[in-house]
Amino acid sequence: MTRRADTAIDAWFAARGWRAFPFQRRVWQAVAAGESGLLHATTGAGKTYAVWLAALRAALVSSSTVAEPVASRPGSRRAPSGRSPSRADGSRWPGITDTVPLSVVWITPMRALAADTLRALVEPLAALGIGWEIGARTGDTSSSERQRQARRLPAALVTTPESLSLMLARADAAEQLGTVRMVVVDEWHELMGNKRGVQLQLALARLRRYNPRLIVWGLSATLGNLEHAMHVLLPWGGGRLVRGAVPKRLVVDTLLPPGTERFPWGGHLGIRMLAPVVAEIEASRSCLVFTNTRSQAELWYQALLDTRPDWAGVIALHHGSLSREVRDWVETGLKQGSLRAVVCTSSLDLGVDFSPVERVLQVGSPKGVARLMQRAGRSGHSPGRPSRVTVVPTNALEVIEGVAARTAIIDGRIEPRDAPDKPLDVLVQHLVTVALGGGFRADELRDEVRGCHAYRALTDDEWQWALDFVVRGGASLGAYPQYHRVVVDDDGIHRVPDRTIARRHRMSIGTIVSDASMQVRYLTGGLIGTIEESFIARLHRGDRFLFGGKVLELVRTHELTAWVRRATARRGAVPRWGGGKMPLSSELADSVLLLLGAAAEGRFDGPEMRFVQPLLELQHRVSRLPQPGQLVLERLRSREGWHLFAYPLAGRNVHIGLASLIGWRATRDAPATFSIAVNDYGFELLSAQPVDWSALVAGRLFDTSQLLDDVLASLNSGELAQRRFREIARIAGLVFQGYPGAPTGARQLQASASLFYEVFRKHDADNLLLEQARREVLRQELEVERLRATLERLAGWQVVEREIERPTPFAFPLLVERLREQLSTEKLTERIARMVGELEAAADAQSVGRGQKKKLLM
DNA sequence: GACCTGCTGCGGTTTG
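Just so you know, we're using the working numbering here: the first sequence kicks off at 9 and counts up by one.
Mixed in with the good hints there might be a few duds.
Calculated pairs, DMTMM-like style, for lysine to aspartate or glutamate (alpha carbon to alpha carbon, straight line, at most 25 Å) [what the hints assert, rightly or not]:
| no. | residue 1 | residue 2 |
| --- | --- | --- |
| 1 | K589 | D426 |
| 2 | K589 | E540 |
| 3 | K589 | D718 |
| 4 | K558 | E609 |
| 5 | K430 | D772 |
| 6 | K770 | E470 |
| 7 | K430 | E170 |
If you anchor each label on the Cβ, the simulated ranges turn out as follows [stated by the list, open to error]:
| no. | residue 1 | residue 2 | range |
| --- | --- | --- | --- |
| 8 | A703 | E766 | 37 to 45 Å |
| 9 | V563 | G587 | 20 to 28 Å |
| 10 | S702 | R796 | 20 to 28 Å |
| 11 | I279 | S702 | 52 to 60 Å |
| 12 | H548 | S646 | 33 to 41 Å |
| 13 | Y488 | R464 | 29 to 37 Å |
| 14 | E727 | R584 | 19 to 27 Å |
| 15 | R458 | R769 | 25 to 33 Å |
| 16 | R769 | R464 | 25 to 33 Å |
| 17 | A803 | G246 | 35 to 43 Å |
| 18 | T712 | G25 | 31 to 39 Å |
| 19 | R573 | S646 | 30 to 38 Å |
I should point out that these hints are in silico values taken from the structure, not numbers from a laboratory.
Yeah, the Cβ is synthetic: ideal placement off N, Cα and C, and Gly gets one too.
From just these sequences and the hints, can you work out the full model?
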């Protein structure tokens, strides 16, 4: 039987002109033996087929009623998506048709991937003549499909972690899901590092309780810690790590400005690279232009259209604030090859598989090695084709980052991903989910939860606290019945008897908490997308702004909708969205530092490093280049006061902590106030009085003892924790988001979250959700572990102090950064112009000649 | 003439 199934699969491969890769065979063998595991392979290497065919084969092999298998002519038939192939030709395994219960659950992190995945799964089914019904179930599943699934679930289901949890909240969850034999988690690297991944861990533990022999496979892109990724997914041990050793060539290069064009020392927009980028787009059939922010994407799209009006309709814009319709249109255009270029944010990091993308550009810092690899993988998406990404620097220092990413990839220094530890908000939500899904006994569920990696160290007290919180609202909410969500019946089973609570819970399942935003609609009703409330609030009637690639005029705002019409003007304000400020990763920063070290020794290899050579030499001449083993401190006296610049290259989050900490420690002895500026390379401390930094550095400025206390004292961590608490309150089910269509206003949501925060602080100080908020701030926003590692590293480094007369190339961006926060755009422009003027004058005074001056300013 | 920062992902109602 096994051999016949193999033969059929081989025949199907052969019909497509393929031969099974060794890694695919390894997966098939492992699954046939009932093993779980993690499959790592580059994109486009055939992971999907490997795991899917393994699942099918395992089902075939273990199906006792299988009769004579006959492969139909492989690849000759095509089944309509999501439906079982016709039974007409009879060439299939009769034993596994029709009445196969739900056997395979395929998890994808994005709804948009579900449809694509389904198509990929249907094809081999049809060709092999297997009469399985398969389907998708996510939030946008049609109501008729839902009804069909309510009658009987298909044999294989493609769904999201959230929808799986929703299914666990059904009273008949055990019957519905108890038949599942295999779970495949696609893009596990996207989930493992966040609370969605934790929610999935909990769901898998549930499925494993239903079926202890459950087979689980994760699919992952490149990570620095694959073994750990597998362990988080399969905490019960014994997983098989399979690496798809399909040679994949990855090309990282840099687009340099043509000729002797100068380059700004700071800046992140990069519009001056417009002409070279246009040339690149012209030269390729289809191109993805990644930017780091949504507003940057809007500006680039507009700039491209200004330059090439004839590209209207063949280039497009894609980011997370645009409506689903707009994005669907763009994604379809990409797949069909009708779009020449799409300007996007990480909204297209996943999901354009099997598409004809030929070229990938990354405008601005790639921030991390894995991120750049992921984006490179959007091109050349099939076995054997090379992937290529071109970094488009927006300032001189970013030129180095491209080279740094390339060397890090070659050396295999890829970022690891950490999994969250014990998020109690997710656990609280899960308790209500399971109470809804047929109920639970406390001891049994506790052991099940502890089987998850995230809760392996959950104490009895913590468990009891979480249980108590869903039963009687914890110590402070006992008086409010809506927080007595779970009730213990006479048999000791925890259930949710209240229908309103049940409904609200089902509506709130998930761990993604979105920002406060308003819908933007045409007067005619069409939805364009969503923008931050705070941005719209600053606009007046008639003001124009750029959104969705169009200049719009604000007509009026009503409730949570901004009504707009097309404006005839060519310019408008650019929306600012709030959002994460991702720091440069340690791996990439260290790689940059190595290159700077080489530069300090006079080594400039390759065109990129030679391009920035004049700038780096200038830095080294007037100050010093940061390099491994040396912390460069620059002191500058200006009209503004006394500046200290430092370049630890530890990413902006750590620099915020470091600058606050050092400023705070410096003021313990002599009172002073500092203004602080940070970027990914270093930080600036500016004071109105002189500070004896040399004495302080000789002291215990970089001490790591009492680090936590000092960090908490130096920053307003209370406010940070309160902001963080908003998300936790939502996930734990304290704050109800409101019904769709009439959502609770964001401000109201914020208000009730902070109300809970205050109530807990005053009357329930031991509430573990408060503690969680503090932990999350320290870990995620302040990266306290990385801060500690940085301090320890700095303690062993030689401190090089330099007195400088003018801002150096490394200091200049920090000056601008601070001014940007303080001044309006016009004033900032004036100030920068003056600073640059002073620099030029200084360069002239040094009589370095015109050619030199040009070089100095790049 | 140099400046324009800050990502992504999901889910859900209603019935006398």
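Hints versus structure:
| no. | hint | in the structure |
| --- | --- | --- |
| 1 | K589 x D426 | holds (18 Å) |
| 2 | K589 x E540 | holds (16 Å) |
| 3 | K589 x D718 | holds (23 Å) |
| 4 | K558 x E609 | violated (50 Å) |
| 5 | K430 x D772 | holds (20 Å) |
| 6 | K770 x E470 | holds (20 Å) |
| 7 | K430 x E170 | holds (19 Å) |
| 8 | A703 x E766: 37 to 45 Å | holds (43 Å) |
| 9 | V563 x G587: 20 to 28 Å | holds (27 Å) |
| 10 | S702 x R796: 20 to 28 Å | holds (24 Å) |
| 11 | I279 x S702: 52 to 60 Å | violated (42 Å) |
| 12 | H548 x S646: 33 to 41 Å | holds (38 Å) |
| 13 | Y488 x R464: 29 to 37 Å | holds (33 Å) |
| 14 | E727 x R584: 19 to 27 Å | holds (21 Å) |
| 15 | R458 x R769: 25 to 33 Å | holds (29 Å) |
| 16 | R769 x R464: 25 to 33 Å | holds (29 Å) |
| 17 | A803 x G246: 35 to 43 Å | holds (42 Å) |
| 18 | T712 x G25: 31 to 39 Å | violated (59 Å) |
| 19 | R573 x S646: 30 to 38 Å | violated (48 Å) |
Checked against the numbered hints above, the structure violates hints 4, 11, 18, 19; every other hint is satisfied.
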